[in-house]
Structures are given as structure tokens and as C-alpha cells.
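Novice: Make a model of the complete structure from these sequences and hints.
Sequences listed follow chains A and B, in order. Per the working numbering: the first sequence ends with 1055, consecutive numbering throughout. Per the working numbering: the second sequence ends with 317, consecutive numbering throughout.
If you're looking for bench data, these hints aren't it; they were derived computationally from the structure. Each hint should be verified, as a subset may be incorrect.
To be verified - Only some residues are given here: those of chain B computed to face chain A with a beta carbon under 8 angstroms:
(1) Leu17
(2) Pro22
(3) Arg24
(4) Glu29
(5) Asp45
(6) Gly48
(7) Ala49
(8) Cys51
(9) Gly59
(10) Thr65
(11) Arg168
(12) Asp215
Unchecked claim - Computed list of lysine-lysine pairs in DSS-like fashion (alpha-carbon distance at most 27 angstroms, straight line):
(13) A:Lys912 / B:Lys173
(14) B:Lys174 / A:Lys912
(15) A:Lys912 / B:Lys103
(16) B:Lys124 / B:Lys175
(17) B:Lys170 / A:Lys912
(18) B:Lys170 / A:Lys927
(19) B:Lys217 / A:Lys995
(20) A:Lys927 / B:Lys217
Since the model is a prediction, treat every value here as computed from it, not as a measurement. We treat Cβ as the ideally placed atom computed from N, Cα and C, and that holds for glycine.
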Amino acid sequence: MAENWGQLKSFEGKKFEALDAEFTKEVSKLIGGQDLTACFQCAKCSAGCPVSDKVNIQVHELMRMLLFGFREVLDTDMVWLCTTCYQCQQRCPQGIEITDIIFGLKNMAFRKGITPPGYVTSRKALYDNGKLYEPTDWERDDLALPPVPHLDVAETRKVLGKTGLMRLQEGE
Amino acid sequence: MSKRPAYYHFLGCIIPHRYPSIEKATKLVFNDLGIDLLDMVGASCCPAPGVFGSFDRVTWATIAARNLTIAEQGGHPITTGCNGCFASLWDSNHELKEDEELRAAVNRNLADIGREFKGTIEVTHYLDVLHDVVGTQKVKEHVTRPLNGVRMALHPGCHWMRPKLVKKKDDSERPHIFREICETSGAKYVHYKDELICCGAGGAVRTADLKTSLDFTKQKFDSIAAAGGADVIVTPCPFCLLQLDTGQVEIQKLFGVEYKFDIMHVSELLALAFGHEPDEFGLANHLQYSQRKTEPNWERLNLRAKAKATA
Ligand code: SF4
Ligand code: SF4
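Specialist: Here it is, written out as C-alpha cells:
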């Protein structure tokens, strides 16, 4: 079981405020979200999902939480431990775009500040350098590779300033 | 003679900065095949789909579209050897062509830096070029050193072919294209049960929870061992390669289990099969070797004679 991520570990003894209309409306606007009611809980998504045996809340459970309008879904480990492998989406007999929905949930969770710390580090790297890694020049020299083509970081910073990447989280 | 095909070479972050051997091998192979790779001046991170797609779709699409506009200005398609870069560039290109609302939002952002997404180019993966443009038959004709007797397990990864209905590349539940390309090398394909599961790094789960992500990687290795083992694992993605390569060192540290698989990008496999020496593109520079102070298992890879000569 994943210990490191996700506040909601189990449904045991939990009380949820069901049918939060606002939340249901929000998630049904996500890409794929219009099909939430088509889910008949066959759990085929979870059967093929490679993290099913590693998470506390599986993907078919996540789908039902969405339909019931449980905001706590953003606290499940499934949201951030989804590898975006699209296996569930390809196998869902109802053709629900499950992985796309999870991407949308990650966007919602991020705005609320529910994001593993490593992601926030990557965000800074993209803003600062336009890339996630710095070159190791000696190695490229050894292979007689030319320098990596130039990037004007001022340009990527400007456009990231415009999209607001660095202040997307509530309160930032 | 028809004109040589030319592609903007989108390097991404991992290939040039962590595994330049892949970049070098690709340049050798594409040159052998008569295909021009053009530098993409001004390219940034794709941006990593698992990370930046998770923050905000419009930001993700804007940064990807900025990269696309560089190729649009030059009028050539893009090719990339990374499933992650492919996911960001191909998906955004596809979505921006279909979704007018997204396109308007992205172009509003790009206007500030004097750019505009027009939707005039295509994004390819090396696999598309090798399979659809060159053709596996012609790839085979360039093989001068078949890797006969080498047992090869494949890790196709996810984002070149999934989601199937959108990508329309291969039957991603029973894929064959990547296998056909790798088999031109003469190595023997070894099937294993978990061939199609994620490497463990996808969606940046590597970033969210390293232990969970290594759990997958270990599952893959065990599945290969159960199928009789393999001498090499081949993948079309440097992020998968990083996970499978350095993952062995991390698994040993975290779980105390030792695996010794040589991992190659498909470009490196083909460079060897095309007769290039491992030293020519730096195969021995892979991170697991420098971290463990080891080198590729030359004998198992049938490259023994050369290894001695260069020792
Ligand atoms: S496979 Fe589709 S229908 Fe079945 S439980 Fe999962 S989301 Fe619901
Ligand atoms: S995309 Fe995510 S939820 Fe779906 S099968 Fe893959 S890891 Fe599981």
C-alpha cells in the first residue's frame, strides 16, 4: 500500500457529504466528465490498472466518488499515483475517458495545493531554465555532439508569466 | 533521386542532458538511412506531460504549442525519440487542431511573444519514421551486424500508442510495430507477461512516490526473469530507459534485490546492428554503469571482441 501519498486511506468509518451539486457540476465539466453517469461499476478499469495493488482507493472507486460528488476524491492516492498509462480508458466498456478525467482532477487538486512536492520543484525548474535538466557538457564533448540548441529563457518565462503557472494555486 | 526527408529533431530534456548516447546513436542511424535531422533552436521542455499536464491544461498546451510554432515556421515535421515529448507535442497538436476554445486561449498567450499556433505540421516519433517512412524492410537492409542469439525483452511504454482510439498507431493491447522494428536487429524477441505495463515513471509517479514507482519496475524485471530472462531490454523512450536503468540501482538500495539488465533505446540497438561500435555513441555511459562502476555485459550482447580491442 502506498504510505507516502494521499490523506484518504480508507472508506472505513468515514462519513461523506453526498451529492455536493457544485462539485458534481465542476467534475462533469472536465474532459470525459460528461460520461460519469455511464459508469456501471464493472471495475474493469481497476482490473487493468497497474497501480490497483499499490493504492488505497482504486480507480473504479474514484469514479463512483465523482458521481456521488465526494470532494474527498482529491485526497485519494489514486489521483497522483495514476501513471496516465490509459489502460483503464482503453478497456472501459462504456468508453469513458477515465485518464483524461484524472488529469482534470490533478488540475483541481493542484489549485487546492494538494500536490506531491516534487512536482512543485519541476515547476520552478521549467520557469527558471525552460527545461528540467541541465546539460553535462563533458559527456557531449566526448561524443562530439554539438551544444544543445539555444533557448531564450526570457521568452518561456514571459509566456509562463502570462499563463500564470507560478500563481495557479489558491493563495499564491 | 528524391529529396531526403527532413525533420526537426526535438531532443527534449532527458536525451541531451542525461543520455546523450541516444542522441548520438539516433544521428548515426538517421544519417545511415538518409534522413536529415534539423536543429530546433529555441525549443524548451516539451513540457513533461505528467507534470505540467497535471498543473493546468492551458499552460501545458501553451508551452507545447510554442515548441510546435518553431517547426511551423521552418515548415518541417517534428520527430522525437521520447514517448513523453511525443505525448505532449502530438497530443497538444491534435487537441489544438480540434478544440477551438483551447486554441484561442493558447494563441492569446502566445501573442505576447509574437507567436501563433497555426496547425500546419505533424509530430512523429522515431518509430513512425522508421516504420512508415523508411519501412522495416529498408531498415533491415542496413543491418550489417545482426545481434544473433541475443535475447531481447521489449518495453514499448505507453504514450506513443495510447490512447489507441486517438493515436491510431498500433493495437496497443497487442502491439507489433515496435517489435518489428526491434526484430530487424536480429535479436530474439522474448515475450513476458507484464510487457505492456508502465515502466513505473509515467505520470511522474516517480516524482510523487519513488518507492511505488520502483515497485512496477521490479514487477517488470521479475516478469522478464519468469519468462527465462533477457540479455537486453529495449525501449523507445528515454524516461522509461532512465527508470529501467537507474531503477536497478535504486531497487537494490531500497529493496535489496539485484538485477543486471542492460537497457537500450531503440536507436542504440539499431546503431549496433548497423555496425556502429558502442564507443562511437557512448553506450557504456548509461547512468547505471557509472553509478555501479560496471559496464555493459559485452559477452551477452555479442560485442565481446570489440570490447577487448578497446579495453
Ligand atoms: S471500466 Fe468504465 S464502467 Fe467499468 S467501473 Fe471503470 S469507469 Fe466504470
Ligand atoms: S491511466 Fe491511471 S488509472 Fe488508468 S489504468 Fe493507468 S494508472 Fe490506472
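Novice: Which of the numbered hints are not met once you compare them with the structure shown?
Specialist: When the structure is compared with the hints, none of them turns out to be violated.
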